[in-house]
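There are 2 protein chains.
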Amino acid sequence: MSFEPQKIRSFTEQVFLAIGCSETDAKQAADVLISADLSGVDSHGVARLAGYVRLYDHGRLNPKPEVKIVHETPSTATIDGDKGLGLVVAPKAMEICIEKAEKVGSGWVSVQNSNHFGIAGYHSSLALQKDMIGWAMTNAAPLVVPTFSKEKLLGTNPISVAIPAKEQPAFLADFASTAVAYGKMEILQRQGKPAPLGWVQDAEGNPTTNNNAVKEGGGLLPLGGDRESGSHKGYGLGAIVDIFSGVLSGANFGPWVPPFATAGFHGVAAEQVGKGTGHFLGAMRIDGFRPADEFKENMDIWINRFRSAPAVDGEKVQIPGDQERNFKAERLKSGLPLNDKVVESLEELSKRFGIGF
Amino acid sequence: MSFEPQKIRSFTEQVFLAIGCSETDAKQAADVLISADLSGVDSHGVARLAGYVRLYDHGRLNPKPEVKIVHETPSTATIDGDKGLGLVVAPKAMEICIEKAEKVGSGWVSVQNSNHFGIAGYHSSLALQKDMIGWAMTNAAPLVVPTFSKEKLLGTNPISVAIPAKEQPAFLADFASTAVAYGKMEILQRQGKPAPLGWVQDAEGNPTTNNNAVKEGGGLLPLGGDRESGSHKGYGLGAIVDIFSGVLSGANFGPWVPPFATAGFHGVAAEQVGKGTGHFLGAMRIDGFRPADEFKENMDIWINRFRSAPAVDGEKVQIPGDQERNFKAERLKSGLPLNDKVVESLEELSKRFGIGF
Chain X
862 MSFEPQKIRS FTEQVFLAIG CSETDAKQAA DVLISADLSG VDSHGVARLA GYVRLYDHGR
922 LNPKPEVKIV HETPSTATID GDKGLGLVVA PKAMEICIEK AEKVGSGWVS VQNSNHFGIA
982 GYHSSLALQK DMIGWAMTNA APLVVPTFSK EKLLGTNPIS VAIPAKEQPA FLADFASTAV
1042 AYGKMEILQR QGKPAPLGWV QDAEGNPTTN NNAVKEGGGL LPLGGDRESG SHKGYGLGAI
1102 VDIFSGVLSG ANFGPWVPPF ATAGFHGVAA EQVGKGTGHF LGAMRIDGFR PADEFKENMD
1162 IWINRFRSAP AVDGEKVQIP GDQERNFKAE RLKSGLPLND KVVESLEELS KRFGIGF
Chain Y
862 MSFEPQKIRS FTEQVFLAIG CSETDAKQAA DVLISADLSG VDSHGVARLA GYVRLYDHGR
922 LNPKPEVKIV HETPSTATID GDKGLGLVVA PKAMEICIEK AEKVGSGWVS VQNSNHFGIA
982 GYHSSLALQK DMIGWAMTNA APLVVPTFSK EKLLGTNPIS VAIPAKEQPA FLADFASTAV
1042 AYGKMEILQR QGKPAPLGWV QDAEGNPTTN NNAVKEGGGL LPLGGDRESG SHKGYGLGAI
1102 VDIFSGVLSG ANFGPWVPPF ATAGFHGVAA EQVGKGTGHF LGAMRIDGFR PADEFKENMD
1162 IWINRFRSAP AVDGEKVQIP GDQERNFKAE RLKSGLPLND KVVESLEELS KRFGIGF
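So the sequences go chain by chain: X and Y.
Using my numbering, read the first sequence as starting at 862 and increasing by one per residue.
Using my numbering, read the second sequence as starting at 862 and increasing by one per residue.
These are computed hints drawn from the structure, not numbers from a lab.
Do not rely on the hints blindly, as some may be mistaken.
Stated by the list, open to error - Restraint-style ranges between C-beta atoms, simulated for each label pair: (1) Y/R1088 with X/G1215: 43 to 49 Å; (2) X/K929 with Y/G1078: 54 to 60 Å; (3) X/D1161 with Y/V931: 39 to 45 Å; (4) Y/N1200 with X/R1088: 21 to 27 Å.
It should be emphasised that the depicted structure is a prediction, and the values quoted were computed from it without experimental measurement.
Glycine included, each C-beta is placed from N, C-alpha and C at the ideal position.
Generate the whole structure from the sequences, applying the supplied hints.
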């Protein structure tokens, strides 16, 4: 089924209003989710709306957070998200990054006491309009095994970097530090298909094609798959994201990061080592390094050079961000293809709050 | 053959002196190389000493560089390495990062007009003694194919992040953005062994086990190996390193990055889009985010928790930096195991400059 983005956006805003968010925050939160759906990241769009409401129902979400700076220098800060929606807290953190960058060249904010922030690329991209490079990362509940570990200790911990160009669209990298995001396993489960080797391991740490392995004591593998092909690098990357988001901010980290919503199969850790989920965001002024126009012209050269590389048969060399842009162009015309389970969850919210869509 | 680290260090210093480096710079450059050998990164130690001399012979290396800041804000700068040894220019850049971080919380320096800087982890680690987190990355000559590309457009572009702990040793991630470094292919070539699938592709972009594929028109694969297992993420990471090191600084980038030394098989690009090789370094004061002691105590918790995870049979869960530390402890006792080819290259330098080792 296909839905008009504008209708889903308006419905999403109203649901956030219904749980007590301010109008500004409801608009902001909806914008992050719809942006994910438009970009083809279906797992992080309105598919999660019911989950955010579940967080609220369980008292884990403050719909009217007062985000506070708890520690700062001219170029750095830690903020307390006051149990707010990450969808709202992260853009506020990015605002602080941008203000600091305007004054001293760069701004870096670690965030404690937040919740799931949606797609990282939304937040990093906020820097682009200011001729800045944006960074965004977040930790997440443990689904991933470090190299040689039988235990899940890291989230899929994504990292995003957004870099402006001149005539070309921005370079926008946004990726989990695992071979694949968990959403890919859920697709295989629905289709009854095996997982390719290198995506997951079983409870004993053996390679497996069992698409249900993560639920059965196994774990997602770090980017690289196995030690021989560099899984310690994916593990290192996920660990950096965890430490910047969790340890630096005073949020939870590693196996203690709370799950998105309590319906998850991994449960909430009884013990906590910090407050909520953590993020890390940054903004760097291009002209803190060289004149912005010069840089952006060179980015056009970079992008054109990579795009025009000879490709293997039937493919082309893409620039990070191209896939999301292609999805967006198509879905603005054809609508959002929400699957039955997602539509069902929206219908439940519709009934509960008396909001049509 | 095994050699006393102190002897090799002294020899290396004298070779750098012989090509005209100042005493301070010669000591600094030797320290980076010996540190690589001690840490088990044999490909980046004195095995490259003859290469640095070759750079000098070809007029590509200025032994007495005057490193200049060409652009800056309180937290950012671009410096011109004046064609100096990256081994010397990068620590100078890191000094500037640290000074800026002391004043405004963080410091970020992009470097143009430099040369190969050795192991990234040496430079990021310079921040540790100041209770700061260190970053180091560098671009390098093209050996790596972006996802679906038949052409090599990126270097192995490493990234390193060093994070202090309290009782535990530092977290030190230092890894190429490829499945494996090129040095691993050279080992297979010497041994006459095939490459595992996922390391390289052939000239047509097909998976191959040919250990000579990179020289025969193929390329190293980004971390992740193929699209299905996330090679676009390794490509994205390598691209970020390239853009930060090359485009932001005004150095060369992508396929235009000059090779380490002209003896390389990839040749020097006739066309240049910037000056020399580029690096990017950063330092962030821990107490720009939270009290340093609190942070370091939490890092100890992080490290202990990960170390104590149940491991697959016969292995253990390591922390980034453990492998290098284990090598160092062993080699400080047993010496540096230099291979015949490396010893030969040192003997040639010994003859040429009249320096014994």
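Comparing the hints with the structure gives:
no.: 1; hint: Y/R1088 with X/G1215: 43 to 49 Å; result: holds, 45 Å
no.: 2; hint: X/K929 with Y/G1078: 54 to 60 Å; result: holds, 57 Å
no.: 3; hint: X/D1161 with Y/V931: 39 to 45 Å; result: violated, 22 Å
no.: 4; hint: Y/N1200 with X/R1088: 21 to 27 Å; result: holds, 24 Å
Checked against the numbered hints given earlier, this structure breaks only hint 3.
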